[in-house]
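Colleague: Residues per chain, in single letters:
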Amino acid sequence: DQQVKQNSPSLSVQEGRISILNCDYTNSMFDYFLWYKKYPAEGPTFLISISSIKDKNEDGRFTVFLNKSAKHLSLHIVPSQPGDSAVYFCAASADNTGTASKLTFGTGTRLQVTL
Amino acid sequence: EPEVTQTPSHQVTQMGQEVILRCVPISNHLYFYWYRQILGQKVEFLVSFYNNEISEKSEIFDDQFSVERPDGSNFTLKIRSTKLEDSAMYFCASRDWTYTGELFFGEGSRLTVL
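Just so you know, the sequences run in chain order A and B.
For what it's worth, my numbering labels the leading residue of the first sequence as 1, then goes sequentially.
For what it's worth, my numbering labels the leading residue of the second sequence as 1, then goes sequentially.
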């Protein structure tokens, strides 16, 4: 049961242009959505998150948009830089009182920013 | 900046052997997790741990797996009898009492089962 889906396994963008990574989810109980960046042989690194009560959150070059009615979120990176090349995972969490509220990850999108 | 540390970074073992992966979570954190990533696949939840007991576990986390927080600082994952399909990167994660969804991940332990 894939509750979090990233339908694009890879994306190639030119340096300086916008990168848009997409994510869909099915569980309406999710209340936080996060993007993690991952390099090979390293742990996932938190990038940006958004609460389900918001529709946009911005942090520098990174903006996450949430469309609850469509159960869709996207990560925009503007301008894209070569150092952004990595695998990006969408993740979601549902607050379960009394439990540790795990993260559910998508399958990842490999972003390559070319010169 | 505080970080989650994991040892060993890479372990090679024979099928059927026991393996213990160790993690030192961030010191004031209360919730602890193990995830794994088989090469090229997504990061999968294994188990969460809170208040000295398992909070939730996935179907992957069968009787061959166990977790322990033996001394208040280390958090260990034991695989009793490894199988070839246990080969993966294992990530430990932790968070504090505030709920924002964010987990802090370690660098991972690569397990290779031959």
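No lab work stands behind these hints, which were simulated from the structure alone.
Incorrect hints may appear among the rest.
[Said to hold, decoys possible] Beta-carbon label-pair distances, calculated as ranges:
1) A:Ser8 / B:Pro8: 40 to 48 Å
2) B:Thr100 / A:Pro9: 40 to 48 Å
3) B:Asp96 / A:Asn27: 36 to 44 Å
4) A:Ser51 / B:Glu59: 39 to 47 Å
[Said to hold, decoys possible] Under the rule of at most 27 Å between Cα atoms (straight-line distance), these lysine-lysine pairs were calculated in the DSS-like manner:
5) A:Lys56 / A:Lys37
6) B:Lys83 / A:Lys71
7) A:Lys68 / B:Lys78
8) A:Lys71 / B:Lys78
9) B:Lys42 / A:Lys56
10) B:Lys83 / A:Lys68
11) A:Lys37 / B:Lys42
12) B:Lys83 / A:Lys54
13) B:Lys57 / A:Lys56
Cβ atoms here follow ideal geometry from the backbone N, Cα and C, with glycine treated the same way.
Colleague: Each hint needs a verdict: does it hold in this structure or not?
Modeller: Hints, verified against the model:
1. A:Ser8 / B:Pro8: 40 to 48 Å: 34 Å, violated
2. B:Thr100 / A:Pro9: 40 to 48 Å: 28 Å, violated
3. B:Asp96 / A:Asn27: 36 to 44 Å: 24 Å, violated
4. A:Ser51 / B:Glu59: 39 to 47 Å: 29 Å, violated
5. A:Lys56 / A:Lys37: Cα-Cα ~19 Å, so holds.
6. B:Lys83 / A:Lys71: 38 Å, violated
7. A:Lys68 / B:Lys78: Violated. A:Lys68 to B:Lys78 sits at ~39 Å, over the 27 Å cutoff.
8. A:Lys71 / B:Lys78: 37 Å, violated
9. B:Lys42 / A:Lys56: 25 Å, holds
10. B:Lys83 / A:Lys68: Between B:Lys83 and A:Lys68 the Cα gap is close to 41 Å, so the pair fails against 27 Å, i.e. violated.
11. A:Lys37 / B:Lys42: 13 Å, holds
12. B:Lys83 / A:Lys54: Distance ~44 Å between B:Lys83 and A:Lys54 Cα, so the pair is violated.
13. B:Lys57 / A:Lys56: 32 Å, violated
Violated hints, listed in ascending order, are 1, 2, 3, 4, 6, 7, 8, 10, 12, 13; each of the other numbered hints is respected by the structure.
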